[in-house]
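Number of protein chains: 2
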Amino acid sequence: MSRREIRVYRDLMGANEKWASETRALLRDRSILMLNLIGSPGSGKTALLERMVDGLCGRSAFAVLEGDVETTRDAERLDALGVPVSQLLSSGACHLEAKLVHHALLDLDLDRLDLVFVENVGNLVCPAEFDLGEAGKIAVLSVTEGEDKPLKYPLLFREASAVVLTKVDLLPYLGFRLEACHAHLRQVAGERPVFEVSARTGEGVDAFTRWVLDQCPSSR
Amino acid sequence: MSRREIRVYRDLMGANEKWASETRALLRDRSILMLNLIGSPGSGKTALLERMVDGLCGRSAFAVLEGDVETTRDAERLDALGVPVSQLLSSGACHLEAKLVHHALLDLDLDRLDLVFVENVGNLVCPAEFDLGEAGKIAVLSVTEGEDKPLKYPLLFREASAVVLTKVDLLPYLGFRLEACHAHLRQVAGERPVFEVSARTGEGVDAFTRWVLDQCPSSR
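Keeping their order, the protein sequence lines are chains A and B.
Counted the way the numbering used here counts, the first sequence spans residues 1 to 220.
Counted the way the numbering used here counts, the second sequence spans residues 221 to 440.
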C-alpha cells in the first residue's frame, strides 16, 4: 500500500490549548505571574487596575494586556498612568483567545516584568471557557449587577482563583446583600479569597494588591 | 458520468436563520410583536419587565421567554407577578438561538397573545449576532456600566430598535454623563428612541411601555 498523508484538522479549542500551554511555559521560565481579569462590561476592571497602579509601582514591574471588541479607550486610560499596556482587539469576538495573548506577550519586554494582567472582553460567560495560559482567573463582579450572578453564571466563579466585588461604595443605594452574595459564591465555588473594593474611594484595593503581589513567583 | 450526491453542510448560523425566519412568519401570521431584550448581566432586564407588568396588564396579552445560562430565578420572579413565562436554558452558551425560542413559542397559547418579550442571556456581545425572528432588539444598558459602552460594544447598539438606559436613580452617585452617552449612541447608531428609566422608582417606565404598545401590530 502506498502511504497516504492523513490530514489533521485541529479544532479551535485544541489550538487555543496549544497556545495557552506555550504561554504557560513561557511565563514559568521567566517567573512572571499572569492573571486573567474577567467580568461583565462596566464591572470596573479597568478602574480597578487604574487604582492599583500606585500600590504596585516600586513593588512590581507589571504590564497590562487590554482586551476589547473595539476601541483603544481602556488601554489609553492605563497608558495615561504610565503603565506599559497593549490593546488586544477581538474582532467582534466575545472573549480573548490564547494565540493573540501569546503574541502580545512576546512583544513585551519580558525580561524586566514579573506581573502581567490580562483584562478580558467584558463578558461573564465565554472568557471563562478559554484558557489563556494564565496562573489564575480573577472574577470581577460589580455589586450593581446583583447578588445572584454567581448562581446564574457559575462557570467563571468556579474557575476563578479569587473574586473581586467592585463598586462597594454604591452599596447604600442598592438592594445588594453582601452576605447573600458570599453565600452564593461559597455554594458554587467553595472557599476562595473574596475582596470587597471600591475603585472610587480606594477601599479594599490595597488588600487585593497585596494578595496579587503574594502570588508572584518572585515573591516566594 | 454517474451522478454523485453532493453533501451539503449547513453551518450553525444558517440553521439559526432558518428558525428565525420561521418564527418571523409565525408571529406575523398571529400579529404578535416579539422584542428581544439584550444587555449585560445585572443590567436590569428582569427588573424592567417586572416594573412594566402593571402598565401592560389590561392593555396587552403578553408572555416572557427568559433566557439564562443556568437557574430559573428570573422566570420565578415574573411568575410571581402572574406573568406567563418560560425559562430557556442555554446549556452554558452565552446567547439564545432561534430554534430554542421557536419551540418555546409553539408551547405558548399564541392565539391569545399579542406581545412576547425574550430576555436574552446577560451579554453585550454575542446575543446581538443571533437573529431570533424578533421584530426588534432592545438594548438595555445600566448607567452603572459607564457611558462609553456604545463605543466599546457597538454591534448591539447599531442593531437595536430602541435603547433603555436603566438604574437612572443611581446617577447622583456615579460619574456617568447622560449627554455623553447620548452622543456616543448617536455616533454608533444614529437617531433612535432612548428611554431613561429606573425600575426602582418607576421613572420613565410608562414612556417605554407606551412605546412598546405602539409597536404592537394589534395597535395599528
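There could be a bad hint or two in this list.
Okay, the calculated bits of chain A under chain B, using three or more residues with CB under 8 Å as the criterion [what the hints assert, rightly or not]:
#1 17-30
#2 114-125
#3 140-150
#4 153-159
If you only want the chain A side, here are some residues facing chain B, beta carbon under 8 Å, derived [what the hints assert, rightly or not]:
#5 C57
#6 R177
#7 W211
FYI, nobody ran anything at the bench for these hints, they're computed from the structure.
Cβ coordinates follow ideal geometry from the N, Cα and C atoms, glycine included.
Results of checking the hints against the structure:
1. 17-30: With 0 residues in contact (Cβ-Cβ under 8 Å with chain B), the coverage given for the segment 17-30 of chain A is violated.
2. 114-125: Three-residue rule met by the segment 114-125 of chain A, so holds; n is 5.
3. 140-150: Coverage by chain B holds for the segment 140-150 of chain A (6 residues, Cβ < 8 Å).
4. 153-159: Coverage by chain B holds here, the residue count being 3 at a Cβ distance below 8 Å.
5. C57: Violated, because the Cβ-Cβ distance from C57 (chain A) to chain B comes to roughly 24 Å (cut-off 8 Å).
6. R177: Violated, because the Cβ-Cβ distance from R177 (chain A) to chain B comes to roughly 14 Å (cut-off 8 Å).
7. W211: 24 Å, violated
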